[in-house]
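**Q** Residue-level listing of the chains:
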Amino acid sequence: MSSEQDEQTTGAREAQAANLFDLRRIIGGLFVLYGVVLVIVGLGDSDAEIEKAAGVHINLWAGLGMLAMGLAFLAWGLLRPLGRQLQEEERKREERSGSGAS
Amino acid sequence: MLAASDVRLDTNALDFAILGVYFVTVLGVGFVAKRYVKTSLDYFLSGRTLPAWITGLAFVSANLGATEILGMGANGAQYGVATVNYYWIGAVPAMVFLGLVMMPFYYGARVRSVPEYLLMRFDKRSHLFNSWTFALATVLIAGVNLFALALVLKLLLGWAIIVGILVAAVVVLAYITLGGLSSAIYNEVLQFFVILAALVPLTVVGLVDAGGWGGLQDHIRDSKLGEAGLHALQGTNPGDVTNPIGATWIGIVFGLGFILSFGYWTTNFAEVQRALSARDLSAGQRTPLIGAYPKLLIPAVVVIPGMIALWKIPGLGGGDENLAYNNAIPLLMNEYLPNGMLGIALTGLMASFMAGVAANVSAFNTVVTTDIIEPYIAKDRDDAFYIKVGRYVTVGGIVVAIGTALIASGYQNLMNYLQALFSIFNAPLFATFIIGMFWKRMSPAAGLWGLVAGTAAALVTYVGYKWLDWFTFGSDLDESFWGAGAAFVVDAIVTVAVTLFTKPKPVEELQGLVWGMANEEDASTVAVHDQWWESPKLLGFGAIAIGLVLTVVFW
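Residue numbers (my numbering), protein chains in the order written: chain A, 1 to 102; chain B, 1 to 555.
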């Protein structure tokens, strides 16, 4: 495979795209949405539904859990943007291959 | 209780809306990603610059599919605690081997796939034989996923299995065409998280209902598994097997823990490919090692629900088709989860099946186009031709998968069927591959005949047990352990014998293909790890140690 020739450095546009399609943001967004929906549904759950789940108010708890996870993923994705991480990796790589013996 | 024919999931519009949102997201993201970031996505995949957390995530998600969920749930109900052997003995050591031993080899090797290895290390004949068997294996496994999809459709809508299989095939074809590779990647990782989001609450609720772990243990003692169902390795002494798994510890450790699991993890190109996308050797090594840690914990959310289902769902695993072991987890989801959570659970399952079929069909496409048609049937055409052929092959693959799905539908426990398939297809391949890797003298002729003999041995063991009553084994699982063992041993013996009578390849041609002759330029990709906790050896042996401790705890 000619991966050496195909390698491009991550420019600004690619970095932006990497951010946009960063899995963490997608997972985060989806889980926040699901979490909110479940919390709303959970708050409206009848006694029968809570009894079904062995007395555990599962929609509410799972909803809160997913919401928390979603926010955590979003935070992780925002604090360490993938685009920047890729650019950093490339810089490190160039430094190593420049200073190290090949 | 419901009559058997009435077994249905109590879904409502909310659950379907949750499912709908998921697929719109995945297909939409994939579609848009395909157009806007064409170069970046290709670059991610082939550029070898991804950080270990991405490749680790992709690695773990590719492995945790719906067949594993349903299959391990079925195992939990059928075999009890002994199912954990699949993870702590039957996966973690092999994953660590992949990380510590195989990844450096792959990095220093000239080849990127197992069929390609066979071509370069041996000759065209072994390459062709393996390509055909690999293609067959992928459609058989795609069929398992299609069947699993049809099962859920049956529970959802009451459709007959055959109808469900046909509908599933059409839906999958549409999904593959619409979304392409990009959707498949997002779906694969997303489904992992959604499934966990469903399984963790399910396990918690089930345990609360059962009265905690202690309560569950009591229930299992009263069930048909009995006390023996609470132990991973107790009761597996040869000659005195009382453990429900029906196999001796020899079969478990060597058949499952060594041959079947090493065979799967070292030759499974889909997994290896994800590790190879990492930024350097150290990250590539760490990918399967990072994956080993969630693997240690996943039994908690698949085996426990399986056991709970055995207690909670009367008649599970009896003769009724609706109550086959495969249905353990879907039925348990229906038992406990209210609408909302049920939608999440359903989404996780469906997404997972889609990912499974898409992955298998895509592997089928690759093997048939690149390893069969291009080198042997229609050489030297332009790319457009092969892409067009690829489309036909994909459709053809799905059509064949419909047939193999019908075969799979005859099995009460999918996992038993899958292990039998692995014993026939993976075990001989592993033997040939590992001997070829370490023994320079091994000749190309042995590469072919070892494979043929090993495959035949496993087939004979399977057919002889299943249909001809030639052999008896403690259980279906036991047969697959012995079949894998037979395949490995027969392959090895034939390989050695044939090598002694045939010419080997000149050593110069083995550059980059055997241990100790790594390609220097590739092997020198800087193996740097920044933190002490990133050391591959620490990660690897740590995972094995935890697995051993857990096995002892659940002895």
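Worth flagging that the hints you see were computed from the coordinates, not collected in a lab.
Check each hint, because a few of them may be wrong.
FRET-style restraints, in silico, Cβ to Cβ [to be verified]:
1) 80/A to 503/B: 30 to 40 Å
2) 242/B to 75/A: 50 to 60 Å
3) 472/B to 75/A: 33 to 43 Å
4) 57/A to 13/B: 45 to 55 Å
5) 467/B to 68/A: 26 to 36 Å
6) 200/B to 78/A: 19 to 29 Å
The beta carbon of each residue, even a glycine, is placed where N, CA and C say it ideally should be.
**Q** Against each hint, give a clear statement of whether it holds in the structure.
**A** Results for each hint:
{"no.": "1", "hint": "80/A to 503/B: 30 to 40 Å", "verdict": "violated (56 Å)"}
{"no.": "2", "hint": "242/B to 75/A: 50 to 60 Å", "verdict": "holds (51 Å)"}
{"no.": "3", "hint": "472/B to 75/A: 33 to 43 Å", "verdict": "violated (58 Å)"}
{"no.": "4", "hint": "57/A to 13/B: 45 to 55 Å", "verdict": "violated (22 Å)"}
{"no.": "5", "hint": "467/B to 68/A: 26 to 36 Å", "verdict": "violated (53 Å)"}
{"no.": "6", "hint": "200/B to 78/A: 19 to 29 Å", "verdict": "holds (25 Å)"}
The structure shown violates the earlier hints numbered 1, 3, 4, 5.
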